[in-house]
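Protein chains: 2
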Amino acid sequence: MELLKNKILTDGIVREGNILKVDNFLNHQLDIEFLNELGKEFYRIFGDKNITKILTIEASGIAIASVTAQYFKVPVLFAKKAKSMNLDGNLYTSSVKSYTYGKEYTITVAKKFLNENERLLIIDDFLANGAALTGLIDVANQAGASVEGLGIVIEKGFQGGGDKLREEGYNLHSLAIVDSMDDCNIVFRE
Amino acid sequence: MELLKNKILTDGIVREGNILKVDNFLNHQLDIEFLNELGKEFYRIFGDKNITKILTIEASGIAIASVTAQYFKVPVLFAKKAKSMNLDGNLYTSSVKSYTYGKEYTITVAKKFLNENERLLIIDDFLANGAALTGLIDVANQAGASVEGLGIVIEKGFQGGGDKLREEGYNLHSLAIVDSMDDCNIVFRE
Numbered sequence: 007m008e009l010l011k012n013k014i015l016t017d018g019i020v021r022e023g024n025i026l027k028v029d030n031f032l033n034h035q036l037d038i039e040f041l042n043e044l045g046k047e048f049y050r051i052f053g054d055k056n057i058t059k060i061l062t063i064e065a066s067g068i069a070i071a072s073v074t075a076q077y078f079k080v081p082v083l084f085a086k087k088a089k090s091m092n093l094d095g096n097l098y099t100s101s102v103k104s105y106t107y108g109k110e111y112t113i114t115v116a117k118k119f120l121n122e123n124e125r126l127l128i129i130d131d132f133l134a135n136g137a138a139l140t141g142l143i144d145v146a147n148q149a150g151a152s153v154e155g156l157g158i159v160i161e162k163g164f165q166g167g168g169d170k171l172r173e174e175g176y177n178l179h180s181l182a183i184v185d186s187m188d189d190c191n192i193v194f195r196e
Numbered sequence: 007m008e009l010l011k012n013k014i015l016t017d018g019i020v021r022e023g024n025i026l027k028v029d030n031f032l033n034h035q036l037d038i039e040f041l042n043e044l045g046k047e048f049y050r051i052f053g054d055k056n057i058t059k060i061l062t063i064e065a066s067g068i069a070i071a072s073v074t075a076q077y078f079k080v081p082v083l084f085a086k087k088a089k090s091m092n093l094d095g096n097l098y099t100s101s102v103k104s105y106t107y108g109k110e111y112t113i114t115v116a117k118k119f120l121n122e123n124e125r126l127l128i129i130d131d132f133l134a135n136g137a138a139l140t141g142l143i144d145v146a147n148q149a150g151a152s153v154e155g156l157g158i159v160i161e162k163g164f165q166g167g168g169d170k171l172r173e174e175g176y177n178l179h180s181l182a183i184v185d186s187m188d189d190c191n192i193v194f195r196e
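In the order they appear, the protein sequences are chains V and D. The opening residue of the first sequence carries number 7 in our numbering; numbering runs sequentially from there. The opening residue of the second sequence carries number 7 in our numbering; numbering runs sequentially from there.
Treat the hints with care, since some could be wrong.
The list treats identical chains as interchangeable, and a pair is accepted whether it falls inside one copy or across any two copies.
To be verified - Listed below are the simulated BS3-like cross-link pairs for lysine-lysine, each with C-alpha atoms no more than 25 Å apart in a straight line:
(1) Lys-86 to Lys-103
(2) Lys-27 to Lys-87
(3) Lys-86 to Lys-109
(4) Lys-46 to Lys-79
(5) Lys-79 to Lys-27
Please keep in mind that the hints were generated in silico from the structure rather than gathered at the bench.
Given the sequences, and given the hints that come with them, work out the whole structure.
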């Protein structure tokens, strides 16, 4: 999506450790008007899939999922990152290994909000190794829900998580895929 | 706001420990169409304040803040709950004592996104003791930004945080104020 690529080139900052900072519009400050353009694009891509619910993960997936949901006219469900192991039996849980923070955490979704009748679009802001996305897919599978699409704003193509999910047959679309980046250049996949 | 009170009466579940669960529309599953009605109401209340930015806190403030921002046509900035003490000098920080989880945490906002020219509307889903809200106000004050309004979806009036902020002169509006609740009844302030 050219609009997004241009925004990343204008506003993105590359930091050591493969970090692409886009915190002025996507995951700290939120440019809601711009996110609406991304939401429209997700609807253009996945609008024919009869989506019944959008699944995302706190915190930075919530804004783009909420804005996108307006085009699909469906609710959003966001997985929580568990603060304690004191979890009751009413939750689907999955373990996610965070490469960014170097530790594992548990994501949870209330069972009452996810069942085998749901046709899910899973949305997130970033895809790198795919750990969070794999956790969300795991939760969807536990519920017997159908994963109709995976919509990502920015994929770090060089970290491989996206291509692995494509090989597994998932209907994954990233609005921008960064194939390489350094201090001077950000190169997108065509 | 009658629409919200009715929704709470229909969908809210009271749990031990003064917990009001509204997780089917406000803070786990998100009814975006309904949140839009709340956003419109915030605009009706605060629309004349020349708001330049909406400030909220992760995670459950993000959805209502993002939807509301569409009516104000301004960006959202969400404070993060710090995962580590490894914070750099480019952040405003404030310490928040969570009564729900019984511990203190630090909230952070990048200095580059908040300055003395901002006219802020602070939005959050819940107000009980006011700890999170006080942390957000502290961050705004550090930046020299003007706090033009505090917009809350559900205030637990019986926990006193809201009235304290009103006494301090803040322009606080909660769309529903619960004055008491038990297994059988939820009583709203008129």
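Output the indices of the hints that this structure fails to meet, ascending.
Result: no hint breaks.
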